[in-house]
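Trainee: Given next are the chains, with one letter for each unit.
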Amino acid sequence: MKKSKKNNKNRNIFIFIFIVALILIISIYIIMNQESNKVTGVYATNLTYYPNNPIITQNGKLAFIYIGAEYCPYCAAERWAIVMALSHFGNWSNLQPIYSSPYEKTYPNIPTYTFVDAIYKSNKIEFLEVELSNRYGNVSLQQMNTLEEQLFSTYDPGGAIPFISVGGIYFRIGSGISPALFLGLSFQQVQQMINSKQGQLYQAVYQESQQLVNAILNALNKLSSYITLPNVNQFILSLIPKCNDYY
Amino acid sequence: MTIIRYIILAFSLLGFSDSSYITFFESNATLSCNTNLSFISCENVLNSPYSHLFGIPWSLLGMIWFIAFLLLSLTGYDDVLIHVIFMFLGIGSLIYLIFVEIGVIGYICLYCTIAHVSAILIIVSLVYSISKYKKILY
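If you read the protein sequences in the order shown, they are chains A and B.
Residues in the first sequence are numbered consecutively from 24, following this note's numbering.
Residues in the second sequence are numbered consecutively from 8, following this note's numbering.
If you're looking for bench data, these hints aren't it; they were derived computationally from the structure.
Fair warning: this is a prediction, and the values are worked out from it, not measured in the lab.
Built from N, CA and C at the ideal position, the CB exists for glycine as well.
Please note that the accuracy of each hint is not assured.
To be verified - Quick list of in silico lysine to aspartate or glutamate cross-link-like pairs, EDC-like style, CA-CA up to 16 Å:
hint: 1; chain 1: B; residue 1: K141; chain 2: B; residue 2: D86
hint: 2; chain 1: A; residue 1: K84; chain 2: A; residue 2: E149
hint: 3; chain 1: B; residue 1: K142; chain 2: B; residue 2: D85
hint: 4; chain 1: A; residue 1: K28; chain 2: B; residue 2: D85
hint: 5; chain 1: B; residue 1: K141; chain 2: B; residue 2: D85
hint: 6; chain 1: A; residue 1: K84; chain 2: A; residue 2: E152
hint: 7; chain 1: A; residue 1: K32; chain 2: B; residue 2: D86
hint: 8; chain 1: A; residue 1: K29; chain 2: B; residue 2: E33
hint: 9; chain 1: B; residue 1: K142; chain 2: B; residue 2: D86
hint: 10; chain 1: A; residue 1: K29; chain 2: B; residue 2: D86
hint: 11; chain 1: B; residue 1: K139; chain 2: B; residue 2: D85
hint: 12; chain 1: A; residue 1: K32; chain 2: B; residue 2: D85
hint: 13; chain 1: A; residue 1: K28; chain 2: B; residue 2: D86
To be verified - Here are the simulated distance ranges between beta carbons:
hint: 14; chain 1: A; residue 1: Y126; chain 2: B; residue 2: I98; range: 28 to 34 Å
hint: 15; chain 1: B; residue 1: V131; chain 2: A; residue 2: K220; range: 53 to 59 Å
hint: 16; chain 1: B; residue 1: L68; chain 2: A; residue 2: I40; range: 17 to 23 Å
hint: 17; chain 1: B; residue 1: I127; chain 2: A; residue 2: K29; range: 42 to 48 Å
hint: 18; chain 1: A; residue 1: P131; chain 2: B; residue 2: Y13; range: 44 to 50 Å
hint: 19; chain 1: B; residue 1: A17; chain 2: A; residue 2: P180; range: 29 to 35 Å
hint: 20; chain 1: A; residue 1: Q119; chain 2: B; residue 2: V91; range: 56 to 62 Å
hint: 21; chain 1: B; residue 1: L117; chain 2: A; residue 2: Q173; range: 26 to 32 Å
hint: 22; chain 1: B; residue 1: I127; chain 2: A; residue 2: I38; range: 22 to 28 Å
hint: 23; chain 1: A; residue 1: I46; chain 2: B; residue 2: K139; range: 33 to 39 Å
hint: 24; chain 1: A; residue 1: I46; chain 2: B; residue 2: S138; range: 32 to 38 Å
hint: 25; chain 1: B; residue 1: G99; chain 2: A; residue 2: S163; range: 39 to 45 Å
hint: 26; chain 1: A; residue 1: Q166; chain 2: B; residue 2: I102; range: 40 to 46 Å
This is chain A alone, in the form it adopts within the complex (with noise of 0.2 Å):
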């Protein structure tokens, strides 16, 4: 009798106790998911900026340097915002679409541009890019050059691709879109959800191609070859009508 008594209050002190942590622990998740969702969710985060590193140039324009493979799903949704930004600033041409790794568990086929034979022309920026092995990660393809290795090895020593860094003061390590956006989709599909304007797939891609933009020019704004400008948002946006050129 006086057991069972025992056990009623034990009872009664674990299912309030339980209920309280879980609205404790439900509403704390919640508060930090929205929190989280501002900045992270499938947009794009801040790049990480160092602004007291020197800024690195090459054939004296800014280097833009990117490190990828083309078996990578997160490198494949990466491409479409590094294409839409770097045509602001100058030309492609030999884009080839292809598909990232069909042997990826989850995220496989993401259609995308390798940069291999990508000719990117400006008189701003130059265009340093490295894929480092195939679409099925069997064949090396290009090989990281000795400033390269050095960026990579000191701001991403976990070794995650793709890594992007802009003049050597922005980095970003890993994709700023999620390419769980791009599941199940044709090249021909994501040109025309671009070019519509319209969707998730479009705000994500051109989110990160402004967090792109706007770290590239505020290094060329560091750097005093470049163009003064009056006011860099206005700059910004008179350059988004061009992103349908090159899609």
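The hints should help you fit chain B onto chain A, whose structure is shown.
Mentor: Below, chain B alone, put in the same frame as chain A:
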């Protein structure tokens, strides 16, 4: 307090802390591929669509499961039925999650493994207690 109670208390605390860490910190892992080819990758596991059940992260469900055992052992509430219900929920989830990690995603997350081992030790302690003493020995 019995040794079984100590084991459940310790491993539910470890599992709860570990699940909390995954839920609030590790789940925001970068969207990236790893060039250091390894069988162990939390990013690949936590970024996969299998990391959620109907939109709820498995780690959050893990937190709730571990806190239930933490409170059961703290309060000493020894009802066998409630222990068995939580135990079966745990066993089902464990089988599914380990199968998904190894068989589907092809990677193992160390933080998840800590939670899995903690859960297994709690379940083994409970099974031992019920089979030997026919009750939860708090």
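Trainee: With reference to the structure, classify each hint as holding or not holding.
Mentor: Now the hints, each set against the structure:
{"no.": "1", "hint": "B:K141 - B:D86", "verdict": "holds, 11 Å"}
{"no.": "2", "hint": "A:K84 - A:E149", "verdict": "holds, 6 Å"}
{"no.": "3", "hint": "B:K142 - B:D85", "verdict": "holds, 7 Å"}
{"no.": "4", "hint": "A:K28 - B:D85", "verdict": "holds, 13 Å"}
{"no.": "5", "hint": "B:K141 - B:D85", "verdict": "holds, 11 Å"}
{"no.": "6", "hint": "A:K84 - A:E152", "verdict": "holds, 15 Å"}
{"no.": "7", "hint": "A:K32 - B:D86", "verdict": "holds, 12 Å"}
{"no.": "8", "hint": "A:K29 - B:E33", "verdict": "violated, 41 Å"}
{"no.": "9", "hint": "B:K142 - B:D86", "verdict": "holds, 8 Å"}
{"no.": "10", "hint": "A:K29 - B:D86", "verdict": "holds, 12 Å"}
{"no.": "11", "hint": "B:K139 - B:D85", "verdict": "holds, 15 Å"}
{"no.": "12", "hint": "A:K32 - B:D85", "verdict": "holds, 11 Å"}
{"no.": "13", "hint": "A:K28 - B:D86", "verdict": "holds, 13 Å"}
{"no.": "14", "hint": "A:Y126 - B:I98: 28 to 34 Å", "verdict": "holds, 32 Å"}
{"no.": "15", "hint": "B:V131 - A:K220: 53 to 59 Å", "verdict": "holds, 57 Å"}
{"no.": "16", "hint": "B:L68 - A:I40: 17 to 23 Å", "verdict": "holds, 18 Å"}
{"no.": "17", "hint": "B:I127 - A:K29: 42 to 48 Å", "verdict": "violated, 30 Å"}
{"no.": "18", "hint": "A:P131 - B:Y13: 44 to 50 Å", "verdict": "holds, 47 Å"}
{"no.": "19", "hint": "B:A17 - A:P180: 29 to 35 Å", "verdict": "holds, 34 Å"}
{"no.": "20", "hint": "A:Q119 - B:V91: 56 to 62 Å", "verdict": "holds, 59 Å"}
{"no.": "21", "hint": "B:L117 - A:Q173: 26 to 32 Å", "verdict": "holds, 29 Å"}
{"no.": "22", "hint": "B:I127 - A:I38: 22 to 28 Å", "verdict": "holds, 26 Å"}
{"no.": "23", "hint": "A:I46 - B:K139: 33 to 39 Å", "verdict": "holds, 36 Å"}
{"no.": "24", "hint": "A:I46 - B:S138: 32 to 38 Å", "verdict": "holds, 35 Å"}
{"no.": "25", "hint": "B:G99 - A:S163: 39 to 45 Å", "verdict": "holds, 44 Å"}
{"no.": "26", "hint": "A:Q166 - B:I102: 40 to 46 Å", "verdict": "holds, 44 Å"}
Checked against the numbered hints given earlier, the structure breaks hints 8, 17 and satisfies all the rest.
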